[in-house]
Amino acid sequence: MPSDIVIVGGGVAGIAAAVVAARSGCSVTLLDSGSAVGGQYYRGAKSPESGSGLSYEALRRAFDELVVARGIDRRLDTYVYSLARRDSGFVVRTRGDDRHRGDVDVLESRAVVIATGAFDKQLPFPGWTLPGVMSGGGAQALVKGSDVLPGQRIVVAGTGPFLLAVTYALISAGGNVIAVVEANDPVGLARHAWSVLPAAGKSADLAKFVTALAKKRVPYLRRHRVRRASGTGHLESVTISRVDGDWRGIAGSERIWECDALAIGYGFTAQTDLAGQVGARMRIGSDGGLAVEVDERQRTSVPALMAAGETTGIGGVDLARMEGLIAGVAAVEQCGRQAALSDAAIARGMRDVLKLRRFADALHFAFPVRDGWRDDVDDQTLVCRCEEVSASKVRGAVSDLGARDARSVKLLTRAGMGWCQGRICAPAVDALCRFDSAASLIGGSYRPVAVPVPLGAIAAES
Amino acid sequence: MSREVVFRFDGAPYPGRDGQTIAAALIDHGILSWRRTRVDDQPRGILCGIGVCFDCLITVNGEPNVRACMTGVEDGDDLRSQEGTGYAQ
Numbered sequence: 001m002p003s004d005i006v007i008v009g010g011g012v013a014g015i016a017a018a019v020v021a022a023r024s025g026c027s028v029t030l031l032d033s034g035s036a037v038g039g040q041y042y043r044g045a046k047s048p049e050s051g052s053g054l055s056y057e058a059l060r061r062a063f064d065e066l067v068v069a070r071g072i073d074r075r076l077d078t079y080v081y082s083l084a085r086r087d088s089g090f091v092v093r094t095r096g097d098d099r100h101r102g103d104v105d106v107l108e109s110r111a112v113v114i115a116t117g118a119f120d121k122q123l124p125f126p127g128w129t130l131p132g133v134m135s136g137g138g139a140q141a142l143v144k145g146s147d148v149l150p151g152q153r154i155v156v157a158g159t160g161p162f163l164l165a166v167t168y169a170l171i172s173a174g175g176n177v178i179a180v181v182e183a184n185d186p187v188g189l190a191r192h193a194w195s196v197l198p199a200a201g202k203s204a205d206l207a208k209f210v211t212a213l214a215k216k217r218v219p220y221l222r223r224h225r226v227r228r229a230s231g232t233g234h235l236e237s238v239t240i241s242r243v244d245g246d247w248r249g250i251a252g253s254e255r256i257w258e259c260d261a262l263a264i265g266y267g268f269t270a271q272t273d274l275a276g277q278v279g280a281r282m283r284i285g286s287d288g289g290l291a292v293e294v295d296e297r298q299r300t301s302v303p304a305l306m307a308a309g310e311t312t313g314i315g316g317v318d319l320a321r322m323e324g325l326i327a328g329v330a331a332v333e334q335c336g337r338q339a340a341l342s343d344a345a346i347a348r349g350m351r352d353v354l355k356l357r358r359f360a361d362a363l364h365f366a367f368p369v370r371d372g373w374r375d376d377v378d379d380q381t382l383v384c385r386c387e388e389v390s391a392s393k394v395r396g397a398v399s400d401l402g403a404r405d406a407r408s409v410k411l412l413t414r415a416g417m418g419w420c421q422g423r424i425c426a427p428a429v430d431a432l433c434r435f436d437s438a439a440s441l442i443g444g445s446y447r448p449v450a451v452p453v454p455l456g457a458i459a460a461e462s
Numbered sequence: 001m002s003r004e005v006v007f008r009f010d011g012a013p014y015p016g017r018d019g020q021t022i023a024a025a026l027i028d029h030g031i032l033s034w035r036r037t038r039v040d041d042q043p044r045g046i047l048c049g050i051g052v053c054f055d056c057l058i059t060v061n062g063e064p065n066v067r068a069c070m071t072g073v074e075d076g077d078d079l080r081s082q083e084g085t086g087y088a089q
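Protein sequence lines, in the order shown, are assigned to chains A and B. Heads up, the first sequence is in our numbering, so the first residue is 1 and it goes up one at a time. Heads up, the second sequence is in our numbering, so the first residue is 1 and it goes up one at a time.
A couple of the hints might just be wrong.
Stated by the list, open to error - Here are some, though not all, of the chain B residues that point toward chain A, as calculated from beta-carbon distances under 10 angstroms:
1) 6
2) 21
3) 67
4) 70
5) 71
6) 80
7) 87
Said to hold, decoys possible - SDA-like, lysine to any residue: derived pairs with alpha carbons at most 25 angstroms apart:
8) 144/A x 87/B
9) 215/A x 153/A
10) 144/A x 39/B
11) 355/A x 284/A
12) 355/A x 147/A
13) 144/A x 75/B
14) 144/A x 11/B
15) 144/A x 85/B
16) 144/A x 161/A
17) 144/A x 74/B
18) 208/A x 414/A
19) 144/A x 42/B
20) 144/A x 15/B
21) 216/A x 246/A
22) 216/A x 284/A
23) 144/A x 41/B
24) 216/A x 245/A
25) 144/A x 185/A
26) 215/A x 284/A
27) 144/A x 86/B
28) 144/A x 84/B
Please keep in mind that the hints were generated in silico from the structure rather than gathered at the bench. Backbone N, C-alpha and C define an ideal beta-carbon position, used for all residues, glycine too.
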C-alpha cells in the first residue's frame, strides 16, 4: 500500500514533519537508519515529560502517540539506498541494517520529505588515521547513544560551537576532557554572531556549555589547532600549536599532550544523496558546503519533494525542527489535504526559519575553515582513507598528470572511490588541489546508490 | 539499566550491554581498533562514528564489512578483527 508521505530520517526535522502530516490525516512512513528516533542530537532519549507547544519534547511525545493512534509506519534500522520518481510520486528503495543488508523493500508514496541530516567535516592531518582519532559527532554518539566514553584523556578540537556541545556531553558523562582546541578566534570574529544569539534563543544553550566547561576547568584554547596525532597502533599524543588568522602554525608554539582520544570536526557536510538522485537543485551554503535548495515552504525543485534540517544547509537543531514542521505542512498540501497547523503557526514557523537561518549564517561567518591546514598535510598523510591514497598521489595527479577536476583525480588515484564514496575526502581533495569547490561539490555529489546493497538483493526485486 | 550481554572478540569473551553499538562495546574495554587496511595493513577504529565513513568495518559471525558504529552488539556475537576486505579469512 503506498503511503501519502515517506519521511527519510527520524531526527528532529523528520519527527516534526511526521507529527504535522499524521495529525493532518495523511498516512506516513518514517524511515531511520538508527535503532531509535531522535537523530544525532537527541539520540534515543525517551519521550520526555517536559516541553510544550512545538518543542522537541512535545513533538516527540506526539510522535510516539501518533505511531499508535494514527499508525505512523516507523521503520528503524532501515536505510534508503535509492529514491526515484514514478508518475507523480516516488519509489523509495530500502534495505535493512548491516546484519540484514539483503532485506530490501520497495515503497511508494505521493510525497517525500528528506531529513537525512549531516556528518562532521574532516580535514586530513598527519596521524588522523590512528585509532582514537574520531569525529566530534562520533564521540557524541558513543556517549549519548551507548553511554561509553571515547577514552580516558580526551582532546576536543576543530572549529565551531559544536565543539562545546560535544565537550558538554562528554563531561556530563564524567569524561576527562583535557582541552578544547578551537582554530578560530570567536571572541574577535563573532561579534556579529553574538549579536544575533538572543534573537535566536541560543543564549541559554551557550551559557549552559560555557558554565559547565568553567566548572570543570576545561581550557578553551582559541587560535590553536591540532597539527599532528602520534602513537604506535593507536593515539598516544597530539601536537597542538597556536595558529595565525589563516590557520598556519606559529613556529615555536608547539606543545605535545598525551591523550588517548581526539574528537575533531571542522563543521558539517549535509547528507544530500537522495535529493541528488532525483535531480533536485543544489546550492552552496554559507559554510561553503553543498545543500539542497528549498523555497520558503521547504519545497525542492523536484515536485512533491520536500527537504528539512541539515540537508538544506547546516543550521542546528532548532532550525531543523522548524523546517520539519513547514516541510510537513507542504507535504500535506501536496497530498491535497489541509494541514493541522494554524496559518498563524505556519507564518510564525516560516519567520523562525528565516531568523535561525540568519543565525546559522552568522556562525558560519564566525567559524570559517581557513586554508592554513593544508600546509600540515605532508606527502605521507592519507587523504582518502578508504582507498589509502596519500596526499603526494593526490597532488601528483594535478602537478604531474594534469588533472583539472576532482573526477580526474579520482580516476587517476582512486581518491573517493571507496566505501564512503568520497563523502569524507571530497572537501579535502578540492582544497588540496585548489579546485573550484562549488563546481566540484555539485559535480561529485551524484551517488546512484546511497548505501551499499547486495547485487543479489537488487536483482531479486520483482 | 540495560541487560548484560556476552560477546567474543577475537576469541575472548567480554561483557557488554544491550543497546550498545559494537564499536562502543569494544571501546568500553579499551579496544580502539578491529580492522587492518588492505593496502598498508594499518589499524583502524571509528572515525565518523555515525555510519558514513565505513572505517570501522568488522567481521560479525563470519560476515565481513559490518559497520561497528551502527550495529548493536548482541548476546553471543562472535566478533573478529577484519583483515583487508575480510573475505580472505
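Here is how each hint holds up against the structure:
1. 6: violated (17 angstroms)
2. 21: holds (5 angstroms)
3. 67: Cβ of residue 67/B sits 5 angstroms from chain A, so the hint holds.
4. 70: holds (6 angstroms)
5. 71: Because about 5 angstroms separates residue 71/B from the closest Cβ in chain A, which is inside the 10 angstroms limit, the hint holds.
6. 80: Not OK, violated: residue 80/B not within 10 angstroms of chain A, min 15 angstroms.
7. 87: Violated, because the Cβ-Cβ distance from residue 87/B to chain A comes to roughly 14 angstroms (cut-off 10 angstroms).
8. 144/A x 87/B: Cα-Cα ~33 angstroms, so violated.
9. 215/A x 153/A: With Cα atoms ~18 angstroms apart, residue 215/A and residue 153/A stay inside 25 angstroms; holds.
10. 144/A x 39/B: violated (34 angstroms)
11. 355/A x 284/A: holds (19 angstroms)
12. 355/A x 147/A: violated (34 angstroms)
13. 144/A x 75/B: The given pair, whose Cα atoms are some 21 angstroms apart, holds under the 25 angstroms limit.
14. 144/A x 11/B: violated (29 angstroms)
15. 144/A x 85/B: violated (30 angstroms)
16. 144/A x 161/A: holds (18 angstroms)
17. 144/A x 74/B: The hint holds at about 19 angstroms.
18. 208/A x 414/A: With Cα atoms ~45 angstroms apart, residue 208/A and residue 414/A exceed 25 angstroms; violated.
19. 144/A x 42/B: violated (29 angstroms)
20. 144/A x 15/B: This hinted pair holds, its Cα atoms lying about 20 angstroms apart.
21. 216/A x 246/A: violated (31 angstroms)
22. 216/A x 284/A: Violated: residue 216/A and residue 284/A sit about 38 angstroms apart, past 25 angstroms.
23. 144/A x 41/B: violated (32 angstroms)
24. 216/A x 245/A: violated (29 angstroms)
25. 144/A x 185/A: violated (28 angstroms)
26. 215/A x 284/A: violated (39 angstroms)
27. 144/A x 86/B: violated (30 angstroms)
28. 144/A x 84/B: Between residue 144/A and residue 84/B the Cα gap is close to 30 angstroms, so the pair fails against 25 angstroms, i.e. violated.
This entry does not satisfy hints 1, 6, 7, 8, 10, 12, 14, 15, 18, 19, 21, 22, 23, 24, 25, 26, 27 and 28, going by the numbered hints stated previously.
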